[in-house]
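If you read the protein sequences in the order shown, they are chains D and V.
The first sequence begins at 1 in the working numbering and counts up by one.
The second sequence begins at 1001 in the working numbering and counts up by one.
Hints are not guaranteed to be accurate.
Only pairs whose alpha carbons sit at most 20 Å apart, straight line, appear in this in silico EDC-like list of lysine to aspartate or glutamate [stated by the list, open to error]:
| id | chain 1 | residue 1 | chain 2 | residue 2 |
| --- | --- | --- | --- | --- |
| 1 | D | Lys-132 | V | Asp-1257 |
| 2 | D | Lys-132 | D | Asp-26 |
| 3 | V | Lys-1186 | V | Glu-1253 |
| 4 | V | Lys-1243 | V | Asp-1211 |
| 5 | V | Lys-1214 | V | Glu-1253 |
| 6 | V | Lys-1105 | V | Glu-1154 |
| 7 | V | Lys-1087 | V | Glu-1075 |
| 8 | V | Lys-1146 | D | Asp-62 |
| 9 | V | Lys-1196 | D | Glu-123 |
| 10 | V | Lys-1249 | D | Glu-123 |
| 11 | V | Lys-1196 | D | Asp-26 |
| 12 | V | Lys-1243 | V | Glu-1213 |
| 13 | V | Lys-1186 | V | Glu-1213 |
| 14 | V | Lys-1249 | V | Asp-1181 |
| 15 | V | Lys-1105 | V | Glu-1262 |
Far from chain D, some chain V residues (derived; all Cβ distances over 12 Å) [said to hold, decoys possible]:
| id | residue |
| --- | --- |
| 16 | Leu-1055 |
| 17 | Asn-1068 |
| 18 | Lys-1088 |
| 19 | Thr-1119 |
If you want the ones that stay clear, here's a sample from chain V, every Cβ over 12 Å from chain D, calculated [to be verified]:
| id | residue |
| --- | --- |
| 20 | Ile-1008 |
| 21 | Ile-1012 |
| 22 | Ala-1016 |
| 23 | Ile-1023 |
| 24 | Asp-1081 |
| 25 | Thr-1089 |
| 26 | Gln-1185 |
| 27 | Asn-1187 |
| 28 | Gln-1190 |
| 29 | Leu-1223 |
| 30 | Asp-1225 |
It should be emphasised that the hints constitute simulated quantities derived from the structure, not laboratory data.
Ideal placement from N, C-alpha and C gives every residue a C-beta, glycine not left out.
What follows is each chain in one-letter form.
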Amino acid sequence: MPVIIFFILGIFLLVLQTSFLTSLPDWMGRPDPLFVLIVFVTVRLKPPSAPILLLLLGLIMDIFSGIFLGIYPIVYILLFFLLFSLTQRLFLYEAVHQIPLVLTCYLLVNGLLFSVATFLAPENALVWQWKKVLLQMFMLALMTLPLFSFFDSLDRWVTRKKATSFFQRAQQKNTFRN
Amino acid sequence: MRQKNKPIKAYILFGAILTFILILIASTVGRQELNGPQRFGLDVIGKGQYLNTRLTNTFSNIWLGYVNLVNVRKENQHLKDELDSFKKTNITYREAVATNVRLSKLLQLKDALPPPTLTAQIVGRDPSLWFRTIIIDRGSSEGVEKGMPVVTVEGVVGQILDASPNYSKVLLANDPNSAIDVLIQKNRVQGIVKGKGTGNYQLLYVLKNADVEKGDAIVTSGLGDIFPKGLPVGSVSHITRSKRGMFQKIEIEPAVDFPQLEYLIIIMREHSLAGEEFFK
Chain D
1 MPVIIFFILG IFLLVLQTSF LTSLPDWMGR PDPLFVLIVF VTVRLKPPSA PILLLLLGLI
61 MDIFSGIFLG IYPIVYILLF FLLFSLTQRL FLYEAVHQIP LVLTCYLLVN GLLFSVATFL
121 APENALVWQW KKVLLQMFML ALMTLPLFSF FDSLDRWVTR KKATSFFQRA QQKNTFRN
Chain V
1001 MRQKNKPIKA YILFGAILTF ILILIASTVG RQELNGPQRF GLDVIGKGQY LNTRLTNTFS
1061 NIWLGYVNLV NVRKENQHLK DELDSFKKTN ITYREAVATN VRLSKLLQLK DALPPPTLTA
1121 QIVGRDPSLW FRTIIIDRGS SEGVEKGMPV VTVEGVVGQI LDASPNYSKV LLANDPNSAI
1181 DVLIQKNRVQ GIVKGKGTGN YQLLYVLKNA DVEKGDAIVT SGLGDIFPKG LPVGSVSHIT
1241 RSKRGMFQKI EIEPAVDFPQ LEYLIIIMRE HSLAGEEFFK
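Produce the complete structure using the sequences and hints provided.
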């Protein structure tokens, strides 16, 4: 169920950012709410739901972006395995982690897209544009908390989890008690 | 004695006044001009009239102003609403006129291009930072095929990358993966225009001894049978002649304003569906 809901939401966000959001002025960059969803899915959903959803969204992204098919699913799956292995060792669920997490992932994903595209067509060298990347990261930083909050609420609603406040610290077991 | 004199004095005074009035009346009968006392009377009474009128008007205005103020707010709001409505209508009309102008230009271009052609509208743009593609509302069911050139009134936009039955993906000319055979219009020197991914193009394979200047027009060469010959591509914006290498580094300012694109023309092939069905 969460896979279907988040897939539909992903499609909606993609439509939004390929049509309405591209008409925004240049100084606002190209807001990328879908990327926040990608990171949310990677961190919050468990296998096999998360990789399946990322593959589906990657395939859809391939249709609407770029010229090399398969580039997005590969990059998203790599991102999933990286974050999955990180979340096994580190606690990455709190609100304070979300902005650095999304920004780091954005830089990583774009670095990978850039590298793969350059590798596939070395004669058509891309130009890394720090100014645009930083603007995108700034816009993502503004969007991350409200979008994570919304996605969390949606996830709770879909999975019928007990609702908790967004900024409430996640309850952990006291390992020293017993 | 004193009491007796009082009525006599009063009678004398009354008689004198009456006599004065009668003389005054008698002296004015048949005349059209006011005499001195009449003018004086007019002056005094006129002043009173004037003051009274001013006073009345002032109070009347204050009262009317107060009464009107009650309705002014409503009227003001109504007028503001009306103004907003007119502004919206005006914007709609301006948009309609602008669309009309754009479509008229496209129609003129359509007539100038070799048939068959197909008009399309942009429905989506590439959300990534690294690729330059757009989605248009025409697809293979209307004969759109991979490789078909896409243009506007201003010049070359790109070519069809892929097509579904109803929509197509267009690779824009400013994408680094796009390459177009071109000519420098003034001296027919050939080269290849490639996108830089930043908005501008670069013109490759132009020898150092070729005469190129800033502002030179670049047009399609027609080689490769993809783009018709002579379509505007852009103009030379910057030239670098380094000591090493055989070629010049030439930057091209695109003829097309990519962020402002709305309607496009697809130049179809003779054997395409559009050529067979839509344009017969």
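Exercise for the section: Identify every previously stated hint that the structure contradicts and give their numbers, smallest first. Expected result: none
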